[in-house]
Amino acid sequence: MILAAVLSSIIFFGSLILIFSEKLHRSIIAIAGGATMVILGRIMHFYSEEAALEAIDFNTLGLLLGMMMLVAMLEPTGFFQYLAVLAARASKGKPERLFVLLGIITTILSMFLDNVTTVVLIAPVTILISEILGVSALPYLVAEALLSNTGGVATLVGDPPNVLIGSAAGFSFNDFLIYSMPIVLVSWAGALFLLRYLFKKELSKRPRNVKAVMRLNPAETLNDPLVARRILIVLGGAILFFFVHHALHISPSLVALSAAAVALVWVRPNLDEVFKHIEWSVLIFFASLFVMVGGLEAAGVLDAVIGLLEQPSHISPLLFGVGLIWIVAVLSAVVDNVPITIALIPVVHGLGDAGMDITPLWWALAFGAGFGGSGTIIGSTANIIVVTLSEKTRTPITSKLWNKRGLPVMIVTCAIASILYALVYPLF
Amino acid sequence: MNVSSCMKQNVVSIKPDTTIREAGAIIVKKHIGLLPVVDKDNKPIGMVGLRDLLKLELPDFVNFVEDVDFVHDFGAVEVSHPLATTLNRKVKSLMSPAIMVDEDCGLLRAYALMLQQNLHDMPVVSKDGKLVGITSRVDIGVAVLSTWGKI
Chain V
1 MILAAVLSSI IFFGSLILIF SEKLHRSIIA IAGGATMVIL GRIMHFYSEE
51 AALEAIDFNT LGLLLGMMML VAMLEPTGFF QYLAVLAARA SKGKPERLFV
101 LLGIITTILS MFLDNVTTVV LIAPVTILIS EILGVSALPY LVAEALLSNT
151 GGVATLVGDP PNVLIGSAAG FSFNDFLIYS MPIVLVSWAG ALFLLRYLFK
201 KELSKRPRNV KAVMRLNPAE TLNDPLVARR ILIVLGGAIL FFFVHHALHI
251 SPSLVALSAA AVALVWVRPN LDEVFKHIEW SVLIFFASLF VMVGGLEAAG
301 VLDAVIGLLE QPSHISPLLF GVGLIWIVAV LSAVVDNVPI TIALIPVVHG
351 LGDAGMDITP LWWALAFGAG FGGSGTIIGS TANIIVVTLS EKTRTPITSK
401 LWNKRGLPVM IVTCAIASIL YALVYPLF
Chain R
1001 MNVSSCMKQN VVSIKPDTTI REAGAIIVKK HIGLLPVVDK DNKPIGMVGL
1051 RDLLKLELPD FVNFVEDVDF VHDFGAVEVS HPLATTLNRK VKSLMSPAIM
1101 VDEDCGLLRA YALMLQQNLH DMPVVSKDGK LVGITSRVDI GVAVLSTWGK
1151 I
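Line by line, the protein sequences are chains V and R.
Numbering-wise, the first sequence is residues 1 to 428 according to the numbering used here.
Numbering-wise, the second sequence is residues 1001 to 1151 according to the numbering used here.
Rather than coming from a laboratory, the hints here were simulated on the basis of the structure.
Owing to the predicted nature of the structure, the values given are computational and were not obtained by experimental measurement.
The beta-carbon is built from N, C-alpha and C at its ideal position, and this holds for glycine as well.
You may find that some hints are simply not true.
Examples of chain V residues toward chain R, derived with CB under 10 Å [stated by the list, open to error]:
1) Val85
2) Leu86
3) Arg89
4) Thr126
5) Ile132
6) Asn209
7) Lys211
8) Val213
9) Leu216
10) Asn217
11) Pro218
12) Ala228
13) Lys392
14) Thr395
With the rest of the complex left out, here is chain V (with noise of 0.2 Å):
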């Protein structure tokens, strides 16, 4: 059994190494790992083909999938250039003003959306905007990437790893707007504050031409505003029976995928269109994860890391979810968030078996998992979307620029949801 153990953790740690290494995609190193771990399972007698599809979480893939349908639709309708380009014109082509306007519809976007596509839609208007206004786009970009990563971990369906951690702990829609909104909130303002700081010389630059953002006509933006319509009101409708999902015993992806499926009834798209703009490397990413940690699980791997943490769990609860906060948020810098959350949530299953509240471990892990992605360009896919981006531009994000800029940002949210943390523990 030790060796199973032994050969599960190479696996997922060889796997994790790799993500890291960027050597190659990672849905490829995950599904690869997957197929690894089922196979030494079958051979070593811990895992089995059913207990692999039993341990892939259908529930978050389902999420993610009706919430993917529904941007895939709202996509080419042009509803993500309109949203910038108002953005653009409210400013009046003060760069500080577009620099928070830009940020709190990016926030926005991404609390009820992806935050990849949020900023693969936003940052190429982003992009058109400061060039014709004639003003760096590097701040608007960094502060888009950081803003989603931050805002995101407000709502259930805001990040990856909320969907996860809400699918495992059984939180519902509210206890996200009551648990970590606040808390989301306030290191989302700091955030903020922080980051004007940091690009106040950028900022204070006069732009060269305020006359042509004003002559942006949002109206024109709009490809499909019929469309648009339909998908903004299905969306509306989804969210609102997220608020109630939980009162009606019925599951967020049950809601998410509904929503789709009246969305792709009343418009009737080009269905390729719409799939091919789905992101199905992720989803298999996820699936692969859930396998690879179903096997680690079977192996006894994290039976020992549970008894591991229990030793030391004399030290206070509140000192423990604070630590988890942090050592999340390094984690999730280094390599992606998911693998991380998906391995820890049966380790915090593990130490609520052993009689420790885990409820507060569950938002910690949350506030980790969201805050740490800032910290470097790899740390989430919003930052790497946004960097690459900007390496097909005149002025590409180099990691130093994320180091001075996105580090900062993930340290003060982090530190910000610590106090925070502490100070409202009793009420968790």
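Go by the hints and put chain R onto chain V.
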């Protein structure tokens, strides 16, 4: 008919260590769209077109935003120019791979190649790979259409 019958034999070509600034000046002076870049044996090793040079002027967002029709005024972009250091770089840092045809290439094949590669001008080389001419969509198109009179 083949391309050698409708190509221009008087080709202006440049060397890989010509600067971007000089290449631009030649294009302006000769009012042409494409400059083959040749080695010392007069064999094309690349080409620099109007499009490659204008890329230095175009804003980045054009590559990311699918439809720029709603941007009525390019604002600051219209008056920003490439840096002097960029213009002093050699063309070999910017040139695209040479896409060319042999002088005995048929007209329709040459035209199809230009369509697919999105070229408006194309260098023509001899059997031993030396630059002997340059042809354009108009040259080829006129040559093709001129045969219609005999139908």
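| Can you give the numbers of the hints that this structure goes against, from lowest to highest? | 2, 3, 12
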